[in-house]
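Please put together the full structure from these sequences, using the hints given.
Those sequence lines, one after another, are chains D and H.
Here the first sequence is numbered in this note's numbering, starting from 1 and rising by one per residue.
Here the second sequence is numbered in this note's numbering, starting from 1 and rising by one per residue.
Rather than coming from a laboratory, the hints here were simulated on the basis of the structure.
Zero decoy hints are in this set.
If chains are identical, the list can't say which one is meant, so a pair holds when it fits in one copy or spans any two.
Cross-link-like lysine-lysine pairs, in silico, BS3-like; alpha carbons within 30 Å at most:
1) K6 x K49
2) K6 x K96
3) K121 x K178
4) K49 x K95
5) K58 x K95
6) K6 x K95
There are 2 protein chains.
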Amino acid sequence: MTESGKPILYSYFRSSCSWRVRIALALKGIDYETVPINLIKDEGQQFSKDFQALNPMKQVPALKIDGITIHQSLAIIEYLEETRPTPRLLPQDPKKRASVRMISDLIAGGIQPLQNLSVLKQVEEKFQLTWAQNAIISGFNALEQILQSTAGTYCVGDEVTMADLCLVPQVANAERFKVDCTPYPTISSINKRLLVLEAFQVTHPCRQPDTPTELRA
Amino acid sequence: MTESGKPILYSYFRSSCSWRVRIALALKGIDYETVPINLIKDEGQQFSKDFQALNPMKQVPALKIDGITIHQSLAIIEYLEETRPTPRLLPQDPKKRASVRMISDLIAGGIQPLQNLSVLKQVEEKFQLTWAQNAIISGFNALEQILQSTAGTYCVGDEVTMADLCLVPQVANAERFKVDCTPYPTISSINKRLLVLEAFQVTHPCRQPDTPTELRA
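If you want it as structure tokens, here you go:
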């Protein structure tokens with residue numbers, strides 16, 4: 001935390017995992033300071049000694065809060081949910097909570113890790129785009145089918161949940177990697193309904209303290 | 001569930017994600033039936049129409065319980081924890097819960113997905129072993145450092161938690177991929193202490209209904 005007691009979010013404007021946490025903080029009305037970690041500049045600021053001491057995984061996001069540092073976006077969101085329960089990001093019913101966590105884990109464990117920067121760097125350059133697209137398409141094929149039975153207005157029923165915090169940044173990744181989203185009408189329409197909400201707007205990669213001028217909107 | 005009301009676990013003896021759930025079921029004393037899904041036989045039984053209807057991600061584990069089907073191992077364990085809280089697999093203190101989830105997500109999202117079968121198949125055969133080893137080594141480097149500040153007897157303090165359910169199967173994967181674990185004394189000693197516990201023994205890949213005879217112990 002800062003001297004003023006505010007949590008500190010170590011974030012990169014374009015990181016989909018950081019965006020998940022920014023939405024949670026915004027929805028819960030938690031005031032915080034951003035420390036930008038540029039994943040590309042200086043050969044990657046996440047590899048600096050200072051940042052490695054903070055998160056040995058050398059990844060954003062990390063959140064300093066209540067005297068501890070948490071990394072892994074879903075672990076951060078679950079902690080916020082347990083310590084700042086309003087508004088809730090997990091439904092009350094355990095079966096619906098299971099759906100929310102299943103969708104969140106599918107995206108955070110089954111799609112994003114396979115198309116993130118550190119993995120793509122290990123793939124021959126000419127295959128990188130196809131590699132990322134395959135990971136997203138295979139995940140979205142499953143997700144579209146799952147959402148058809150869980151979704152209401154949003155991913156699970158009619159309340160915004162942790163699953164939605166994972167969905168929107170992942171769809172943005174899909175667009176960046178030029179994945180055709182027309183085969184995914186459920187994903188696309190939920191994404192559209194979420195993107196107009198204030199918490200998703202103010203936390204958007206195009207509106208962060210570290211967003212380069214040419215990408216601002 | 002079966003007609004007798006028992007939960008059904010769709011599992012593969014060697015799947016580390018299935019093993020996590022088997023340990024949770026054993027610790028909580030939940031009686032269940034196993035339906036083996038052989039990830040290699042018949043060009044992969046997870047690709048069958050019947051199984052895809054059950055889990056569109058075409059992955060094990062999946063658990064039929066209380067009239068629903070849950071996939072994603074951590075979502076399953078969190079559901080079991082909320083509906084069958086004894087013995088608990090998450091500590092009471094939210095900060096310790098955050099540590100448990102952080103370690104679990106690091107393994108389940110940051111290591112395992114990068115070295116699982118479906119990803120390795122996309123890598124040229126001669127690079128597969130190095131690819132898997134790199135994923136494990138990079139994750140273990142971080143994990144070793146994190147455990148030095150969270151561990152007691154086990155990953156977080158002195159109680160067995162969800163983090164331990166992720167650790168043991170991941171160390172088994174490391175051994176399968178011939179990763180030298182001597183640089184990880186904390187990981188190794190926690191793993192050793194856990195492996196002697198009954199719930200880790202009876203759920204071990206060498207003792208499952210679908211373990212091939214030559215691999216049984």
